[in-house]
Amino acid sequence: MRAEPVGAEAGTRPLRPAARPRSRGREFLQALPWIGPALALIVGVVFFPAGVMFYNSTRDISASGVDRGSAGLSNFAEVFAFPYFWPILGRTIVWVVVVVVVTVVLSLALAQLLDKAFPGRRIVRLAVIVPWASSVVMTTMVVYYGLEPYFGIINTFLVDLGLIQDPEGYGWTRNAGTAFAWSIAVAIFVSLPFTSYTILAGLATVPSEVLEAAKMDGAGPVRTYFGVVLPQLRAAIAVAVLINIINVFNSLPILRVMTGSIPGYDADTVMTMIFKYIQNQHRLDVASALSVVAFVIVILIVAAYLRVVKPMREV
Amino acid sequence: MAVLAPAPGLRKTDARRAHYTEDQVSLPRMLLRMAAGLVVLVVFLLPYAIMFFGSVKTKAQIRSVDPTYFPTEWHWENYVTMWSTPETPLVQNLISTIVISVFATLLVLAVALPAAYYTARFRFPGRMVFLFLVIVTQMLQPAVLTSGLFRQFLALDLIDTWAAMILVNAAFNLSFAVWIMHSFFAGIPKEVDEAAQIDGASRLTVLFRISLPLVWPGIVTAIVFTFVACWNEFAASLVILSTAGNQPLAVALTKFVGQYETSWHYVFGVSIVAIIPVVVLFMLIEKRLVGGLTTGSVK
Chain V
2 MRAEPVGAEA
12 GTRPLRPAAR
22 PRSRGREFLQ
32 ALPWIGPALA
42 LIVGVVFFPA
52 GVMFYNSTRD
62 ISASGVDRGS
72 AGLSNFAEVF
82 AFPYFWPILG
92 RTIVWVVVVV
102 VVTVVLSLAL
112 AQLLDKAFPG
122 RRIVRLAVIV
132 PWASSVVMTT
142 MVVYYGLEPY
152 FGIINTFLVD
162 LGLIQDPEGY
172 GWTRNAGTAF
182 AWSIAVAIFV
192 SLPFTSYTIL
202 AGLATVPSEV
212 LEAAKMDGAG
222 PVRTYFGVVL
232 PQLRAAIAVA
242 VLINIINVFN
252 SLPILRVMTG
262 SIPGYDADTV
272 MTMIFKYIQN
282 QHRLDVASAL
292 SVVAFVIVIL
302 IVAAYLRVVK
312 PMREV
Chain C
476 MAVLAPAPGL
486 RKTDARRAHY
496 TEDQVSLPRM
506 LLRMAAGLVV
516 LVVFLLPYAI
526 MFFGSVKTKA
536 QIRSVDPTYF
546 PTEWHWENYV
556 TMWSTPETPL
566 VQNLISTIVI
576 SVFATLLVLA
586 VALPAAYYTA
596 RFRFPGRMVF
606 LFLVIVTQML
616 QPAVLTSGLF
626 RQFLALDLID
636 TWAAMILVNA
646 AFNLSFAVWI
656 MHSFFAGIPK
666 EVDEAAQIDG
676 ASRLTVLFRI
686 SLPLVWPGIV
696 TAIVFTFVAC
706 WNEFAASLVI
716 LSTAGNQPLA
726 VALTKFVGQY
736 ETSWHYVFGV
746 SIVAIIPVVV
756 LFMLIEKRLV
766 GGLTTGSVK
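Going down the list, the protein sequences come from chains V and C. Taken in order, the first sequence gives residues 2 to 316; the numbers are from the working numbering. Taken in order, the second sequence gives residues 476 to 774; the numbers are from the working numbering.
Hint data in this document are derived by calculation from the structure and do not stem from the laboratory. Each hint should be verified, as a subset may be incorrect.
[Claimed, not checked] Straight-line alpha carbon distances no greater than 27 Å define the calculated BS3-like cross-link-like pairs of lysine-lysine that follow:
hint	chain 1	residue 1	chain 2	residue 2
1	V	K277	C	K730
2	C	K730	C	K534
3	V	K277	V	K117
4	V	K117	C	K534
[Claimed, not checked] Interface residues of chain C toward chain V, partial, derived using beta-carbon atoms under 7 Å:
hint	residue
5	M509
6	A510
7	V515
8	W558
9	S559
10	P561
11	Q616
12	R626
13	Y735
14	S738
15	P752
16	V753
17	L759
Think of the CB as a built atom: it goes at the ideal place given N, C-alpha and C, for glycine as much as any other residue.
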C-alpha cells in the first residue's frame, strides 16, 4: 500500500503520481513523526501500566511497596477467598445493570422531548448538560449533604412532604443499603446527559420521509415510535449502553462519597474494593489482582462493543 | 461523512425537524411540552441550586436542625473566607487543578493534532493498528489501571507530582481528541490540500495554513472536552497525589465528608466556583459533544 490520501468521499487517488514506489517500512517511518508522540503516550501511560499491573498481580508486595518475590496466583486466590468477594461482584452487576437500564429508558423519553420544537428548548438542552460538565464528586456531595439527618435539605423536604415522620430521617447515608440505593440514583442522574445526547443524535438521523410515510399509513404516535423510530435508534442505543456500562463499572467517586464512611463491605463494588485494597489495606499486590479481574471484564465489554458496533468500519 | 456526524449535520436536521413539527402542533400540546421542559430544567438544575443557596448560608444556618430552603441572609463573604478553611489548602488545590488541566490539554493537543491529521489524510502501514489502539484506549479509564499507574510512577520517581497526573490525564483523553479532529480533517475535501501542494506548499504549511482554520471547531471541541475531563478527574489523582497541596479540588473536597462538623457552606462555595467555568465551556461545544464519544456509530 502506498501513502495515499484519504478523502471525504472515500476516494483513494494518490496525492502524488506514483513515480516513486516506496517500501512499507519507509512509509511507516514517514508517518512516525505524526503518530509517534500519540503512540508513545498511549503505550507509556496506558498499556505499560497495564503490563505492570498484570506483573504485580503475581508478586508479593509488602505494605511499604517492597517486592518480595513471586507469589504465583496466591493474590488471585486471596481475592476470590475474601468472604465478601461474591456479594461485591453481585452488587457490581446490580449497580451496572440498574443504572444503565434506567438511564437508557429515561434518556429515550428525555431525548424525545428535547427533539421536539417548543419555546425554551435550547435552555432546557443546556440545563441537561450541567451534570455532565460538573464534577461527579461535587454533584454527589450535595446529595450526601441533602440526606444528612436533621439538617439535610432533601431529608427536610421528605419530612415536609410527610413521607418521613422523624427529622432524624432514615440515616440514608449511614446504612449500606439506603446509601447504595441513593448512589444508584446519583449515577443515573449523571449518566442521563451523555445518554440523552447520544440518542438525540440518533433521532436526528431518522429520515422525515419515513415519519411522514408512517403518518400517511395511519400509524399513531405510539406505533410510529415503537415501529419506526426505535428500530432506527438501534445503533445509538447500542453505543450509549456500552459506553455507559464501561463508565458505570469504572465509577468510583459516587460510591466513595456516599458509602465511603460506612464500615464493612456491604456497599462496595469491584472498583471501590480495589481502592480499599490500595488505600486502606496497602495491599498493592491484591489490588492488582482484583484490577486484573476488572480489566478482563472491561476488555470483554470492549470486545462486545467492537463486535456489535464496528466503529472501525468506516475509518 | 467519513467517521462522525459533526455539527453541520445536526443543525440541518434541527431546522428540518422544527419545520416538520411547527405546522401541526396544537397549542395545548405545545404547552404540555413546555411544562415537561420546565420539569426537566428544574430537576437538572436542582442539585446546583441547592449548592448555590447553601454556599451563602452561615455554618450555623446550613447545619441548623430546622433548615430553611433558601438563605435567610446572604453571606457572600463565604466566597472569600472559604479559601482559608483548615481542612485542606484550597488555594493550592485550585492551582493544582488549573495547572494539571491546562498542561494535560496542551499535551493532548500537541500529540493528537498531528496524529488526527495524518491518519485522516494518508494511508500507511500500521494505520488501522494505531486507530484500533486509540479506540481501545477510549474504553479504558484510569480507575481500572490505578494500581499499575501507581507502581510505574513510583518507579519513575514521579509519584505525587503534577507531571504524573498531566501524563495520565493526557493519555486517557487522547482518543476523544484524535477522533473528533480526525473526523473534521476527513471532512475537508482533499482537493483543497492538493491544490496547495501543487502550488508548492510543504505538508506542514498545508496543515497550519490551510487545514487548521477549516477544522477549528473540531479543535475547540477537543480542547474543551479534554480540559473538562481533566478538571473533574478523580480516581487516579486520589492515589497518585498524596500530598494535600498537590491534589485537585475534586479529591480535596472529599476530605470534608465524614468530618465531625463539615463546613458544607464552604464545600458548596468551592463547588460553585469549580463548576461554573466548565459548564460554560461545555455549553460552547454542546452541538458537537456526541461526535467524539461515539466515534461515528450513531449515524
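Q: Quickly compare the C-alpha distance for K277/V and K730/C to 27 Å and report which way the hint goes.
A: It holds: about 16 Å lies between the C-alpha atoms, which stays within 27 Å.
Q) Is the hint on P752/C kept, meaning its closest Cβ partner in chain V is under 7 Å away? A) violated, 9 Å
Q | Per-residue hint verdict: V515/C, partner chain V, C-beta under 7 Å | A | Check passed: Cβ of V515/C comes within 5 Å of chain V, closer than 7 Å.
(Q) Hint R626/C vs chain V: min CB-CB distance below 7 Å? (A) This interface hint holds because 5 Å falls under the 7 Å limit.
Q) Taking 7 Å as the limit, does the beta-carbon of V753/C come near enough to a beta-carbon in chain V? A) holds, 5 Å
Q) Are the Cα positions of K277/V and K117/V separated by 27 Å at most? A) Not OK: K277/V and K117/V at ~46 Å, beyond 27 Å, violated.
Q) Regarding the hint that W558/C lies at the interface with chain V, is the smallest CB-CB distance below 7 Å? A) violated, 17 Å
Q: Compare the distance between the alpha carbons of K730/C and K534/C with 27 Å, and conclude whether the hinted pair is satisfied.
A: holds, 17 Å
Q: Could you check if P561/C really has its C-beta closer than 7 Å to a C-beta on chain V?
A: violated, 18 Å
Q | Evaluation of the interface hint that places Y735/C against chain V, nearest CB under 7 Å | A | violated, 12 Å
Q.
A closest beta-carbon separation below 7 Å is what the hint needs, so does L759/C meet it against chain V?
A. violated, 10 Å
Q.
A closest beta-carbon separation below 7 Å is what the hint needs, so does A510/C meet it against chain V?
A. Since the shortest Cβ distance to chain V is 10 Å, the answer is violated.
In summary, the numbered hints that this structure violates are 3, 4, 6, 8, 9, 10, 13, 14, 15, 17.
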